[in-house]
Structure formats: structure tokens, C-alpha cells
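**Q** Each chain is listed here by its residues.
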Amino acid sequence: MDRLADFAPMVAPDAMLPRVVRVARRTRDLPDTWTLELVPADDMPLPVYLPGQFTMLYVLGVGEIPVSISGDAADPSRIVQTIRAVGKVSEACTHLSVGDTLGLRGPYGTAWPVAEGYARDVVVVAGGLGLAPLRPALYQLLASRPRFGKLVLLYGTRKPDDILFRRQLAGWRRQLDMEIEVTVDHAGADWRGHVGVVTKLIPRLGVDAATAMALVCGPEVMMRFAASALHDIGMAESSIHLSLERNMKCAIGLCGHCQFAGSFVCKDGAVMRYDKVRRLMGLKEI
Amino acid sequence: MPEFAQAVITPQGLAALISGLRDDGFRVIGPTLRDAAIVYDDIESLGDLPAGWTDEQEAGHYRVRRREDSALFGYNVGPHAWKRFLHPPLLRMWRAEPTADGMAVTSLAEPAERYAFLAVRSCELHAIAIQDRVFLGGTYVDPHYQARREGAFIIAVNCGQAGGTCFCVSMKAGPKAKEGYDLALTELLADEHEFLVEVGSERGAALLARVPHRDAESQHTDAAASAVANAENNMGRHMRSDDVRELLLANLEHPRWDDVAERCLTCGNCTMVCPTCFCTAVEDENALTGAAERKRRWDSCFTMDFSYIHGGSVRSSAKSRYRQWMTHKLANWVDQFGTSGCVGCGRCVTWCPVGIDITEEVRAIRGEGGGDGRA
Amino acid sequence: MEGLEGIVAEHRLFQGLGPDFVALAAGCAKNVRFNADEYLFHAEEPADWIYLLRHGRVALELVTPGRGAVQFETLGEGEIVGLTWLLPPYRWGYDARAIELTRGIALDAKCLRDKCEVDHDLGYALLKRFLPVLVQRLQAMRLQMLDVYGPPR
Chain E
1 MDRLADFAPM
11 VAPDAMLPRV
21 VRVARRTRDL
31 PDTWTLELVP
41 ADDMPLPVYL
51 PGQFTMLYVL
61 GVGEIPVSIS
71 GDAADPSRIV
81 QTIRAVGKVS
91 EACTHLSVGD
101 TLGLRGPYGT
111 AWPVAEGYAR
121 DVVVVAGGLG
131 LAPLRPALYQ
141 LLASRPRFGK
151 LVLLYGTRKP
161 DDILFRRQLA
171 GWRRQLDMEI
181 EVTVDHAGAD
191 WRGHVGVVTK
201 LIPRLGVDAA
211 TAMALVCGPE
221 VMMRFAASAL
231 HDIGMAESSI
241 HLSLERNMKC
251 AIGLCGHCQF
261 AGSFVCKDGA
271 VMRYDKVRRL
281 MGLKEI
Chain Z
1 MPEFAQAVIT
11 PQGLAALISG
21 LRDDGFRVIG
31 PTLRDAAIVY
41 DDIESLGDLP
51 AGWTDEQEAG
61 HYRVRRREDS
71 ALFGYNVGPH
81 AWKRFLHPPL
91 LRMWRAEPTA
101 DGMAVTSLAE
111 PAERYAFLAV
121 RSCELHAIAI
131 QDRVFLGGTY
141 VDPHYQARRE
151 GAFIIAVNCG
161 QAGGTCFCVS
171 MKAGPKAKEG
181 YDLALTELLA
191 DEHEFLVEVG
201 SERGAALLAR
211 VPHRDAESQH
221 TDAAASAVAN
231 AENNMGRHMR
241 SDDVRELLLA
251 NLEHPRWDDV
261 AERCLTCGNC
271 TMVCPTCFCT
281 AVEDENALTG
291 AAERKRRWDS
301 CFTMDFSYIH
311 GGSVRSSAKS
321 RYRQWMTHKL
331 ANWVDQFGTS
341 GCVGCGRCVT
351 WCPVGIDITE
361 EVRAIRGEGG
371 GDGRA
Chain U
1 MEGLEGIVAE
11 HRLFQGLGPD
21 FVALAAGCAK
31 NVRFNADEYL
41 FHAEEPADWI
51 YLLRHGRVAL
61 ELVTPGRGAV
71 QFETLGEGEI
81 VGLTWLLPPY
91 RWGYDARAIE
101 LTRGIALDAK
111 CLRDKCEVDH
121 DLGYALLKRF
131 LPVLVQRLQA
141 MRLQMLDVYG
151 PPR
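Protein chains in written order, with this note's numbering: chain E, 1 to 286; chain Z, 1 to 375; chain U, 1 to 153.
Calculated from the structure, these hints are not laboratory results. This structure is a prediction, so every number in the text was calculated from the model and none was measured. Errors might be hidden in some of the hints.
[As the list claims (entries may be wrong)] Computed Cβ-Cβ distance ranges for the label pairs, DEER-style: (1) E:Ala-74 / U:Asp-147: 33 to 39 Å; (2) U:Ala-36 / E:Gly-99: 44 to 50 Å; (3) E:Gly-61 / Z:Asp-258: 39 to 45 Å; (4) Z:Gly-367 / E:Ala-5: 41 to 47 Å; (5) U:Ala-36 / Z:Asp-258: 53 to 59 Å; (6) E:Asp-232 / U:Tyr-90: 47 to 53 Å; (7) E:Ala-170 / Z:Glu-110: 51 to 57 Å; (8) Z:Cys-267 / E:Ser-144: 53 to 59 Å; (9) E:Arg-278 / Z:Asp-258: 40 to 46 Å; (10) U:Met-145 / E:Ser-77: 39 to 45 Å.
Every residue, glycine too, gets a C-beta built ideally from N, C-alpha and C.
All chains, full assembly: derive it from the sequences and hints.
**A** If you want it as C-alpha cells, here you go:
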């Protein structure tokens with residue numbers, strides 16, 4: 001049995017108390033998706049964060065939700081977050097104006113293990129809004145591009161109008177040593193790109209699968225199929241990293257809501273290794 | 001652990017302990033009879049204790065009964081656990097207000113009361129230690145729990161009998177209180193009504209020194225040992241606990257889960273009475289002034305929304321919610337916090353309206369079917 | 001003709017079928033080329049050709065009133081357009097349109113079907129090769145149908 005004296009004696013800070021930040025800029029990415037750039041509303045510097053982490057954003061009088069950070073971690077002046085309006089709090093976030101304030105807690109969660117990709121081919125597989133939490137990893141990969149082998153981004157979404165960060169993707173494809181393949185579930189007659197599930201692009205990858213690393217983010221069923229397809233072409237399950245999502249209230253491992261079997265997604269995730277979660281992902285209602 | 005003395009006190013000595021604590025500014029909480037149950041509430045004097053009462057517990061069954069003697073602690077455990085004081089069911093956290101240039105957030109955390117818990121059983125000491133790990137042992141410490149826990153004075157009580165749903169022996173959480181207390185009492189009801197007192201800390205010793213007491217003799221220590229042995233040998237339930245984690249994790253699709261799902265009402269009683277369950281939810285309350293208050297309240301993994309995400313709940317079936325609770329308690333907890341989450345207090349068995357018995361469920365999954373866990 | 005034989009012989013779908021088959025298939029094959037926006041075939045037309053794409057991209061589409069043409073799959077280099085040649089009523093169920101300049105070879109499906117009726121071993125061997133492709137497409141289609149990227153309902 002632990003003794004009370006074994007625990008830290010100082011009174012701990014209250015990690016449930018948000019600090020106040022201000023909207024410095026807002027951009028509409030898609031009809032229901034906005035990117036907010038947040039700066040401090042007090043004199044304190046913003047917290048340092050790692051690609052893959054998220055914050056808890058609070059809108060006065062509405063509520064608090066986890067939101068992924070989608071910006072460049074190397075820029076300390078702001079925290080960039082992309083939000084899709086799917087509920088009352090996210091909807092309220094998308095209606096904020098420049099100058100409005102929000103409560104912010106965090107950053108929380110595990111990071112994309114970008115450094116593990118040094119000297120290896122790196123495959124990034126994004127589905128739908130999943131491109132947002134992967135974007136900080138892409139910034140990091142591109143910032144040290146020579147340290148990695150081949151860099152491939154596979155992006156799947158519902159239809160061409162739903163392509164997130166479209167201009168940025170086009171820019172990356174033009175400028176850099178990076179292969180980008182975009183596919184949609186269905187399209188109108190004018191679309192000249194791929195139509196089909198994103199997993200279909202995996203067998204055609206020209207990477208050294210046995211030594212490559214993959215970062216995968218999107219709807220859970222898409223991540224399961226993508227991870228499975230990556231494993232089928234020879235990628236080690238321990239080299240595939242997913243970003244999971246569960247209901248979050250505290251994000252500090254104390255409210256119990258985000259549990260995924262023995263893990264708390266807020267502290268043991270959201271980024272988790274496929275070999276550790278594969279079995280659980282295959283079970284219903286875990 | 002320093003060797004402390006043992007002593008013997010009378011009920012008057014106990015009364016003096018209580019008033020001594022109150023004089024020192026502690027709010028003494030202990031067992032009292034109310035609404036046909038023995039619950040934890042403010043204790044001002046000996047008269048508030050449930051003298052001569054015991055509890056009769058079985059799966060889905062709790063009654064208080066008169067004893068033939070006037071034992072003050074002659075019951076086992078009631079529906080309350082000490083978590084209702086250390087980890088309050090409802091807590092005001094902070095207030096956010098609109099200001100001229102945005103928003104201001106102010107903490108509403110109040111200075112914690114200094115609690116003295118009277119009659120904490122061994123299973124409960126273990127449960128408190130388990131919650132200490134949850135709230136104090138991680139990267140983020142809960143300051144509300146910390147404030148209430150740090151100064152808490154604990155007077156433990158050793159059980160002289162086991163309840164119908166008790167299985168602390170199986171979970172290695174009792175019946176003898178071994179550590180984590182300031183003073184531990186074992187009630188002796190031979191010719192005299194006395195209490196063997198074991199001192200567990202400096203401040204326990206200091207408090208004892210202020211009340212009338214005498215040295216413990218072998219008759220007292222023998223009687224105390226005998227009382228505890230009586231509890232140890234008459235446990236209401238058993239659960240083989242050395243392999244439960246592996247057993248449950250390897251059987252997440254066992255047909256027994258469907259069986260229990262047909263009985264479980266997902267009422268969440270078990271989570272309310274369990275001394276280690278800690279899940280909470282947050283609530284926002286808005287005032288007409290535009291200010292909003294954030295509160296924290298107990299929550300249960302049995303509710304439909306507990307795992308709500310993206311338009312639906314991950315665990316919507318009763319089966320998945322019961323499985324979540326039981327595998328968290330007995331298996332996942334080990335991965336998360338290094339120990340089992342169960343102390344064998346039996347409350348979940350007693351307070352389940354349909355009498356689901358966690359020891360029986362484990363046995364069924366292990367394939368040792370038939371019968372309940374009755375010793 | 002030699003070029004066509006080479007292409008058929010090398011294609012992974014026809015591995016192990018022997019030189020007689022290669023000769024047969026190549027014998028009723030032809031080079032094809034489609035410019036951007038040219039159709040390979042339309043829905044309801046007889047499914048008389050199997051297209052092996054060597055270069056370019058083809059979209060499979062369905063026209064729905066009010067929405068115009070909706071692409072539900074694109075196929076590229078090395079892939080087969082037209083799996084319905086195998087099964088009655090031997091009619092295409094969708095349109096196939098070249099998205100960009102597309103080259104490939106077309107095998108005479110009717111000729112192959114007639115041969116399969118006579119040579120059941122060949123028929124079975126071809127079925128064993130084409131069915132997995134069909135099943136893979138079906139499974140992929142299921143994922144598309146789930147519409148996982150849509151807003152939560």
C-alpha cells in the first residue's frame with residue numbers, strides 16, 4: 001500500500017482551470033470547417049506543443065471540447081487549431097470572430113514519433129478531417145526533409161469539395177520532394193484524380209515497406225483498413241502509428257471517459273502504435 | 001515503520017478521542033444509523049454511533065438488524081464510502097465571466113475542511129490508497145482531492161465479523177488494518193466493553209496521549225486477534241484474484257457477458273457505492289449575467305453518454321457497459337495503476353438491484369460454473 | 001501481334017495459363033487508345049471487351065438525374081476495366097470514361113467466353129483470377145458506402 005507521504009507534498013495547480021486565449025485569425029477551410037489561430041490574452045507565452053497533441057477549448061457559456069492542433073509547432077507565436085462544426089461547442093467555435101476569447105487547456109496527449117522516421121521512408125495516410133492533426137507532423141517532416149527517405153502523403157476524403165488545405169497540398173506537391181496522392185469516395189464529372197478508397201493507393205506505394213514508418217489519422221474504420229493494408233504490403237505493425245479518439249471531459253486522465261481498455265486516450269494517446277491497439281480495435285464496443 | 005504502542009480504551013476514551021478531534025478543528029465523520037442504513041455523517045458524540053446495530057447483506061439485499069450486544073462498530077459497510085468526502089459528488093470548479101475585452105476565469109475551489117474519519121475498515125483503507133494513486137500519483141494531480149486528503153485524520157476499525165458479501169481476504173485488503181491510519185481500534189466485548197488501540201502515526205500517538213487509556217495486556221491482544229480471525233474465516237464471498245487480469249483480458253468475447261447483460265439494468269448503483277470508482281463529468285451552468293460556472297460531478301460508465309463520440313456511443317449495449325466496468329475494475333486498473341481496483345468490500349454485490357455478484361461472474365468466466373461465491 | 005502476346009503473357013492476371021492461352025487471347029486482342037473524355041463503353045452496351053490499362057486513367061461512372069455523372073471508381077495502369085464480361089447478361093452496368101489519354105489492350109470477351117464454355121478448365125482458371133479482383137473491389141466499395149468522412153449522423 002502506498003503511503004500518503006510517498007506522493008508530492010506541494011499543493012498541485014488546478015489543471016482543470018483554463019487560461020484565456022484570443023482568436024487572432026480565422027480561415028474557412030470547408031463549409032463546416034474552420035481554422036483558428038489563437039494567441040495569448042494574458043502576458044504568458046503559449047505552451048510548447050508537439051505534433052499530434054490537442055487542446056481543450058472552452059467557449060463561454062457553451063462548453064469545452066478537445067480540438068487537434070493543426071499548425072506548425074516551430075511557430076511559438078500562435079496555436080493553430082482546425083475545427084469542424086459537428087456539435088454545439090464546435091459550432092460555437094466556428095462562429096467566433098477575430099478578437100473573441102476562448103478558454104484553453106493543454107496541450108495534451110502523445111506526439112507523432114516523427115524522429116523515428118529518420119533515414120526511413122515515411123508514409124502519411126490521412127482521411128477526411130484527419131489531415132488536420134497530421135499537418136503538424138508534415139510541417140516537421142518537411143522542415144528536416146533531407147533526414148527522411150521517401151515521403152508520401154495519401155489523402156482520402158468524401159468528394160473533391162471536401163479536400164482540406166487544398167491549396168497547401170497543391171503547393172507542396174509542386175515545390176517539394178514529396179509524393180501526394182488524393183482520392184475521393186465519389187466525384188462529379190470534372191474530377192481528374194483518383195476515385196476509390198484510400199487503402200487502394202497503398203499497394204501501389206513505391207516505398208521500402210519493410211523499413212518504412214506510417215502515420216495514420218482519420219475515421220477509425222478507415223484507420224483500421226489502412227493499417228491492415230500497410231501491414232499487408234510488409235510494414236511492421238510497430239511502425240504504424242494511429243491517432244485514436246474517445247469522449248473526453250478532463251483530458252488529464254482523471255475523469256475516466258476516454259478509456260480504451262487499459263489506456264486513457266488523453267494520456268496514453270491519442271497517437272498510439274498499431275501493434276498495441278490492433279486487437280482491441282477489432283473488438284466491438286471496447 | 002516505527003513501532004508504536006498499543007493501548008486499551010473504554011467507550012469514554014473513544015468519546016474523548018472524538019471530542020479531542022473536534023476541539024482540534026476536525027470535522028469528525030463516522031457511521032450513523034439513518035433511513036434504515038448505516039451511513040457516514042457528522043459525529044458529535046458517541047450517541048451518534050450505531051450502537052447495537054449490525055447489517056445483514058446478501059446479493060441485492062441490505063437490512064439493518066439489532067444486535068444482542070451494544071457494539072458500536074458491529075456492522076460491516078454501508079452504501080457510503082469515504083470517497084464522498086475526499087472526492088465530492090459535486091464540486092464547483094470555476095467561474096468564467098465576460099469582461100470588457102474578453103473573458104476572465106476564477107477558481108471556485110474552497111479551502112477544504114479538515115476531516116477526521118472514524119471507523120475506516122481495512123478494505124476502505126485500501127480503497128483510499130487506491131484512489132490516492134489515481135488522484136495523486138499521475139502526471140496531473142487533483143488539487144481538490146489532495147487538499148481534502150492531506151490533513152485527514154483516520155481512525156480505523158478492525159472487523160470482528162465478515163459480511164455476507166465481503167471478500168477482502170481474496171483481494172488481500174483485510175480484514176486487519178495494517179497501515180494508512182493514525183489509530184486503529186478493535187472492539188472487544190468480553191466482560192468489559194473496551195477497544196484495543198493500535199497507534200499508526202505520531203499524531204495518532206499524540207491524540208491517544210490526551211485521552212484516558214491503559215496498557216494493552218495479552219488478554220486484549222488475544223481477544224482482538226480472535227475477533228479479526230473470526231472475520232477472516234467467515235468471509236461471505238471468495239474470488240481467486242491472482243489471475244483475474246489475464247482471465248478477463250483473454251475473454252472479452254466470452255458468452256457470459258451476454259448472460260450478465262440480460263440481468264444488468266445499467267443503473268450504475270455499483271459505481272456509486274464502489275469505494276474506488278472515480279469517474280466524473282463536467283457540467284456548465286449559465287447565469288443570466290452571462291457568467292458560466294463549471295462544476296464537476298460523479299459520473300458512471302454505465303450511462304449511455306459516457307462514451308459518446310461522433311453522433312453515437314462507443315459502448316451502447318448493456319453488455320459492453322457491464323464488461324467495461326468489470327474489466328476496468330479487475331483488469332485494466334492493473335495496467336493503469338499497478339494494482340487491482342477492487343478491495344472486496346462487497347458493496348456492488350449488496351447494492352445491485354438484481355443481485356449481480358462480481359465474484360460469481362469471474363467464476364463463470366473462468367469456467368467454474370454453478371453456484372455463487374458463498375464461502 | 002508479338003507485342004500483344006508479350007503484354008498478355010506478362011500481365012499478372014494471366015500468369016501460368018500457358019502459351020496456348022496467350023496465343024488465343026492475343027489472337028483476339030487489339031491495341032486501344034482513348035483521348036481524355038472519350039468513353040470506353042456505356043451502360044447497357046454488350047460487355048464484349050476486357051480492357052487491360054497500360055497507361056492513363058479511366059473513371060467508372062453512373063449518371064443520375066439531377067446530379068449528372070458521378071464517378072465511383074478510377075482505375076489506372078495495370079488494372080482491368082470491365083469485370084462484368086464474366087457474368088450474364090454480359091452488359092455493362094456503368095459508363096467508363098478516359099480521364100486522360102489512356103492506352104491499353106482490349107481482349108475479345110466474347111471470344112474468351114466461347115472458349116471457356118468449351119474448355120472448362122480454362123474457364124475455372126480465369127474465374128479464379130478475376131473473382132479476387134471483383135471481391136477486392138466489392139470490399140473497397142463497402143468502405144466507400146459507409147461514407148466515413150461524412151458528418152456524424
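**Q** Does each hint hold? Answer for all of them.
**A** Cross-check of the supplied hints:
1. Between Ala-74 (chain E) and Asp-147 (chain U) the CB atoms are about 36 Å apart, so this pair conforms to the stated range of 33 to 39 Å.
2. The beta-carbon spacing between Ala-36 (chain U) and Gly-99 (chain E), approximately 49 Å, falls within the hinted interval of 44 to 50 Å.
3. A hinted range of 39 to 45 Å holds for the C-beta pair Gly-61 (chain E) and Asp-258 (chain Z), which are about 44 Å apart.
4. Range check, Gly-367 (chain Z) to Ala-5 (chain E): Cβ separation about 43 Å, and the 41 to 47 Å hint holds.
5. Checked against the given bound of 53 to 59 Å, the beta carbons of Ala-36 (chain U) and Asp-258 (chain Z), roughly 57 Å apart, stay inside it.
6. Look at Asp-232 (chain E) against Tyr-90 (chain U): about 33 Å separates their beta carbons, and that is not inside 47 to 53 Å.
7. Taken as a hint, the range 51 to 57 Å holds for the pair Ala-170 (chain E) and Glu-110 (chain Z), whose Cβ atoms sit roughly 56 Å apart.
8. At roughly 55 Å, the beta carbons of Cys-267 (chain Z) and Ser-144 (chain E) sit within the given window of 53 to 59 Å.
9. Distance hint for Arg-278 (chain E) and Asp-258 (chain Z): a CB-CB separation of about 24 Å, inconsistent with the stated range 40 to 46 Å.
10. The supplied range of 39 to 45 Å is met by Met-145 (chain U) and Ser-77 (chain E), whose beta-carbon atoms lie about 44 Å from each other.
Violated hints, listed in ascending order, are 6 and 9; each of the other numbered hints is respected by the structure.
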